[in-house]
Structures are given as structure tokens and as C-alpha cells.
Amino acid sequence: MTFVAVVYHSGFGHTAAQARAVCEGALSVEGVASRMIFAEDAAADLTLLDAADAIVLGCPTYMGSASAAFKQFMDATAGIWRALGWKDRLAAGFTNSGGHSGDKLATLTQLMVFAMQHGMVWVGLGLPDGDNASDTSDANLNRLGAYAGAMAQSNIDQGLDGMLQSDLATARALGRRVAEATLRWTRAEGSEPA
Amino acid sequence: MRVLVVGGGPGGLFLALLAKRARPELDIRVVEQNPEHATYGWGVVFTDGAVKALRPSAPDLMDEIAARRPPAEHLDVIVGEERRSVHGNVMFRIGRVDLLALLQRHARAVGVTIEFDRRVAAREELAGWDLVIGADGINSVVRELYAEELRPHVTFGRNWWAWYGTRRPFAAVSLIFEPQPEGLFVGHAYQYAPELSGFVAEVVPEAFEASGLGALSDAESRAYCERVFARHLDGEQLLDNRSQWFRPKFVTCERWTAAGNVTLLGDALHTVHPSIGSGTRFAMRDAVALADAIVEGGDVEAILTRYEHDRRPRADAFQNAARRSIAWYEALAERDLGDPDRFALEYVMRTGRVRYEHFRRLNPEIVGAYERPALRAAQLPEAVA
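These protein sequence lines are chains R and P, in that order. For the first sequence, this note's numbering begins at 1 and goes up steadily by one. For the second sequence, this note's numbering begins at 1 and goes up steadily by one.
I should point out that these hints are in silico values taken from the structure, not numbers from a laboratory.
Pair by pair, the computed Cβ-Cβ distance ranges are: (1) P:63 / R:72: 37 to 43 Å; (2) R:162 / P:364: 23 to 29 Å; (3) P:310 / R:109: 43 to 49 Å; (4) R:135 / P:48: 48 to 54 Å; (5) R:119 / P:56: 56 to 62 Å.
We treat Cβ as the ideally placed atom computed from N, Cα and C, and that holds for glycine.
Using the sequences provided together with the hints, build the complete structure.
What follows is the structure in C-alpha cells.
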């Protein structure tokens, strides 16, 4: 069984909903298992990720970078980094903020560099810009026009019901893409499923 | 200074009590349209946050309220047969009649005059007082008498409500979502006395239409709701107490002051959500702000300016949160009720102001299920399942 782990942090639940959508997308691929793992739990017990063929990283963008709790998880992986323990596993990223930009790309870049430090293989979003023309709308996939990963925007005065379905569908698309890529990758490697 | 409080509900009585305690020389009179031992209404719920916020103003009273019954330590979110207990909110419950009696006793003890059976109907009746406070509830007469200056805006919610009670004890404050062929019914239930729970029925417009509830008699409506909520009532009946269907009014006022010496508080001034007790808390917070302004002194104009300046930003923000909560309930028909863990989480997170980490720590079972979407959870590798 191919396993896609979704490591996430969330401030008020919005990024958790995005993580859940990534998970659902991964689960929609035959032969793939997936679950969410809270960054704090993963930092406390990194063996939770031992069996992961792919690790999708996601957190809110606060002050133009990954949330502090997620950075704690990142820093906790130094031992694995030293041993290149995650080398050649797949990775991808997603992030959410209140602002439409919020400088979310800085966070995706941060997550991507983190994956590169680990010698992982980055999977981008692979969707065209969804809302960049006169006849497009924010109901489209990738309405925020990201390429390095999945972005979402959620109003700061609303709960999860305030999230756009298009952003959740975009996260689902990322999860599915990562799952499919992981299947191809592990098959090509000829490695036994974890 | 002579102060007239129109309306002897929790907000008006609390204001009178606080002001008189701090400034015994004030002449404060509360006039109430109902008789002294009226028994309208069921119970009131105070969260621990509400008790904590109100306690500094009247520790003895709030301690008495909090000691009435053991607090409910969790909230039950019930969807059909599925129940999820959500931890993180401690709730104190008290009967409305009990609360009013308590407030009356404390107010009288410090020399507040309370006059019952006195209905205000004209401006002339409010003459001769230095400060007039309309604390007369959602259908405020004072607000209507000064509508030209206060400029109230009144809208109606879409969902229909009826206040019932029941002898089935809902030890936990319970939110019951009961999907029916005719549409969604919601029950807000909370025990507030040894043998009584309040039970508010909320019905989305489609279900209200389809069920024909609007055309039924009170007794028929009650019987209908008993059937809808039967599996949650354990054979107990719903009890009547002026339980007619209504769509909740949402009230805001452009201005908080009229005629130089008239103001409002609580539902008369601005409403929140007509479910479990937040309106009472809201009115009592207004009372604290107005009493503080009175205690700080100055002329009536200074008092009213300070009241609005100190209270309005927070009150407006809370009203916005209430609007979002109302919108959440009104959009329920479009929500997926199929995953009770996800639904319970979404319910608690609906205002966007609850910290996920906090919720997660207190509700490991709900979040544990949420983190493992049901699709193929069984196929997880053992090491991580």
C-alpha cells in the first residue's frame, strides 16, 4: 500500500480543512492510503512518517512565512535530514491565508526548500491559472494561480463554511496528483510498498 | 440623579443593581409590565467565559448563579442517531424565573425600587427622570417611542423558532440536527432545573412550508415537533409556554441616545442569536458598561457618550459574530451532515474564532476521526493507523 502522509498545522481550522481535502484527493486514487498528521504530533514522534512514501506539507501563512508551529516540526526533522532519511520520497505543499496573496508563495517556497534539503522530489500543483481572464471566476480550480503548490484564501471572520469550494477542490487535486505521482514513483523504483 | 429603567429583565435589573450599589444616593426605579411572579420563559445558559466576564461587576451574584447547578462540561452535537460530545465550553444553567428572582432580591437589598404591572405606553410617562433606560426587550416600547431619533433597523431571520420545554433532562447542552423528509429540524436543548430542560425548535423555511406548521394550532405544532424529535425525548413530552412560531427579529439601532437622556440596552438596542443565553449575557454586558459610565459621573450627556464609546465597538463586533452564526444555521440545508465528526468540528469552528489547537487538545476523538477520512481508512498501514 502506498501511503501519502499529510503533515499540517492550522490556526483556526481553515488549513485543517485544506489538509483534509488533500487527504481526500489522495484517497481517491486506488491503492493509496492517506491520513492527516498534526505537525506537533509529527514533531513529537517522527516515526509516524516512517511509512510515508510521500509527505504533503501544509500550514497557514503567518507574517509571510510558515506558521511557527509548523517551523518547529521542520526543525525537529534535523536528525532525519542528517541521515538523508527521506531522500527520494515525494513531497508537495499547500498553504492558506486571510489575504488573497498574503505572500503565500514565500511559504510554498519555504516548504519546497525544506523538501530539497531532505533530498525529496517536489510535486507541484500542475494546474493552469484558474481565474486570470474576463470569462473565468473564483469558482475555478486554482483560482489563486499557484504553481508550486495549492493555495487557499479564507476570510478571517468566518469558519470553515466560509472557505471556497474551489480552494478545497484545488487541494483535492493536489492530493490526487501526489498520490498518482507516488504510485508511479514507487512502481518505477521497484521498491516494495511500505 | 433619578434613573428610570423600563423593563425588569436580566439586563435592566443588573444595571439597576450595579448602579445603585456603586452610587447609593441615586434614585433608581425599575418598571416592569409583567406581574411580580410571572413565569414566562425557560432557562438561561451562561458559558464560563460569560461568568468570568461578568463576575468582577457582581461576584456574589455571579457565584450564586454559577452554584445553582453543576456546570455542563460539554456540548452534545447530535445528528440523527450520531452523537458527538464536544469539550471546551463549561456552561452554567439557571431558570429564567430563578435568575429574575435572584436579581430582584439583590436589587431590592440595595434599595432599587421595582414596580410591576406597569406598562409604559407614552413619552409623557418617561418625563421627570434624569436618565431613562429602555431595557424592555426585543419588542421595546421605548425604542418605538423614540424611533425617529434612534433609527432602529429590524430584519427577520429566515428560520422559524418555537420555545418549548421538556422533562427529559438534557444534562449537556445539546444541539440536535434532525433531517426529515420535509427538511431540517434543529433542537437546542439544555437542562436548567432538576426536572426541566429548555427545548427550542428551529425549522428551516423549506421544512416549515412543507410541514404546514404555520397553519397548525399550538397543540398540533407541539405534537408535530414531538414526533420529529421523538428519538431524542425518551418518551417525554414537549411542554408549552406561549410557544408560538416566530422568525427571530434582528435589531440594530443607528443611534444609542434620544432626547438627550434616553438610551437602550440589551435586546431593545441590539439583538444577537435567540438560542442559548447569549442575549442575556449580551444585555448584562451592556448593563456593566452603562453602570460603569454612570459610576464615573458627570452629566447625563457625558454618561451616555461614555456608554456608547466604551460599549459600541465590542457590541457591534459581537453582533457581527451573531450574524455569521445566524447565517450558518440558515445555510444548514446545504451542509453535508453525513460525517458527524466533521460536522461537529465545523459547528464549533463556525465563527472562525476558535483555536484549532485548543479544540484538538480537548477533543482528540473527534479530531482523530477527522484526520482519517473514511474513504479508505481501513487500508492504512498498521504503523500509522
